[in-house]
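J.: Chain by chain, the residues:
Protein chains: 6
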Amino acid sequence: MKFSARNTLKGKIKKVEHGAVNSEIQVELPGGAVLTSIITKTSAQNLDLKEGKEVYAVIKASNVMIATD
Amino acid sequence: MKFSARNTLKGKIKKVEHGAVNSEIQVELPGGAVLTSIITKTSAQNLDLKEGKEVYAVIKASNVMIATD
Amino acid sequence: MKFSARNTLKGKIKKVEHGAVNSEIQVELPGGAVLTSIITKTSAQNLDLKEGKEVYAVIKASNVMIATD
Amino acid sequence: MKFSARNTLKGKIKKVEHGAVNSEIQVELPGGAVLTSIITKTSAQNLDLKEGKEVYAVIKASNVMIATD
Amino acid sequence: MKFSARNTLKGKIKKVEHGAVNSEIQVELPGGAVLTSIITKTSAQNLDLKEGKEVYAVIKASNVMIATD
Amino acid sequence: MKFSARNTLKGKIKKVEHGAVNSEIQVELPGGAVLTSIITKTSAQNLDLKEGKEVYAVIKASNVMIATD
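Chains as they are written, first to last, in our numbering: chain A, 511 to 579; chain P, 511 to 579; chain E, 511 to 579; chain Y, 511 to 579; chain U, 511 to 579; chain B, 511 to 579.
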C-alpha cells in the first residue's frame, strides 16, 4: 500500500505505555532522537507494538510545524 | 518559551515553495532524511524561511502515526 | 505495511483539483457519499491520483469528531 | 449551525468506551463500515453518546489521507 | 446540531484570502485577538465567508497545544 | 524560539485533569472564555502545568474550523 503522508521515519520502539483508550509509543530514530506518538490502544495491540520492534513513524505534512531560534 | 509538543527535530531547510496561502517547507535532518511541512505562507515569511536556514520541525504527539512492515 | 490509523474507507476518485502546493481529492464511497481530502500536490502526483482510480481514504481516530442533531 | 468541515457521515453508535479524559466512539455507517473517533469524555457526556444513537462523524478535509494498493 | 469539538470562539471575519484550493480566514475575537484559519475554498464559498460576517472559530481539544514563558 | 503556528492566545489555567497518558488542560482567556486542550501527561508535567499558571494556547491555522449560524 502506498500512502499520501509525506513523512515516514524508520525507528525502533523504545517504550510503550497503555492508557484506557490511548497508548503512548516512543520511537527511537537511528541518530538517537526519540519521537513520541499517541495512537489508540486498539491500534497498538493490532500492530503488536512492543519494545524493540522496528516501526515507521508516519506524519502528514500539514501536521509538521516549523520553529526557529 | 517552552512548548507542549513532544517532538522537535533540528534540521536545515532544503527547499521552500510558496502557494497562494500555504507554503511547503522541506527540512533535511542530520541523517539525510527529509521532512515536509505545510504552513501558511505568512508564517513562512514571518520566520524568514529560506534554503539553508537551521530550523526545528515540531510535531504534536497525537499527530504521529505508526506503521509496521 | 500495516498502519495505526483506525479508519480506512475504500472508494473511487471523483475529482482531483491541483493548487500550487496542495491538491483537493474527492473520493466517492460505495454508498454515494463523497469524502474530500487535502494532500500535497507532490503526494497526489506520486500516487498518480486521477478520476476513476480506486483508493482508500485514511483517517486517524483523533481527527474524527462527532455531531448530533 | 453550518460548518466548514467538508466531511459529514451519518451513522449509528456501535460502541462507547470511556478512558479518564478521552472516550473512543465507534460509529457504524449504513454500508456496515465502522469509523472510530477519539473525543474528550466530557464531549461524549455532553452529547449523551450511547450505543444505538444516530450521530454524524465529522472530519476536516486536511485530516483525510489517501492510500493506494 | 450539537458538536463534540470543545472550543468555539465567536468573532467577526477580518480578512478572507483565497488560494487555488484553500482559503485563509482571519477572525477577530471580541478582545481584539485575531485567529487565523485555513479551510478549503469550497467551504469558504459554501459558508459565504466575507469581511464583517459573524462566525465561530471551532477547534478540537486535541489540536490545542500549550506553551509557557 | 519563534514558531510557525499562527494562533497564540494568552490565558490562565483553570483546571488540570490527568489521565493515564493524556491530560486535559482548561485555559481561561481574558474575556472569560475557556479553551480545552488535550496534551500528553508527560508534557503537562514537563511544563509544570497547574491551576492559576499563565500559559499560551497555541493552535496551527489548519486546525481552526469555521461555523456560521
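In short, the hints are calculated from the structure, not lab data. Please note that the accuracy of each hint is not assured.
The list cannot tell twin chains apart, which means a pair is met if one copy fits it or any two copies do.
[Stated by the list, open to error] In silico DMTMM-like links for lysine to aspartate or glutamate, alpha-carbon gap of 20 Å or less:
hint : residue 1 : residue 2
1    : Lys520    : Glu538
2    : Lys551    : Glu527
3    : Lys560    : Glu538
4    : Lys524    : Asp579
5    : Lys512    : Glu564
6    : Lys524    : Glu538
7    : Lys520    : Asp579
Owing to the predicted nature of the structure, the values given are computational and were not obtained by experimental measurement.
J.: Each hint needs a verdict: does it hold in this structure or not?
T.: We went through each hint and held it up to the structure:
no.	hint	result
1	Lys520 / Glu538	both (9 Å within a copy, 15 Å between copies)
2	Lys551 / Glu527	both (9 Å within a copy, 12 Å between copies)
3	Lys560 / Glu538	within (13 Å within a copy, 29 Å between copies)
4	Lys524 / Asp579	between (29 Å within a copy, 17 Å between copies)
5	Lys512 / Glu564	both (19 Å within a copy, 12 Å between copies)
6	Lys524 / Glu538	within (6 Å within a copy, 24 Å between copies)
7	Lys520 / Asp579	between (27 Å within a copy, 11 Å between copies)
No hint from the list above goes unmet by this structure.
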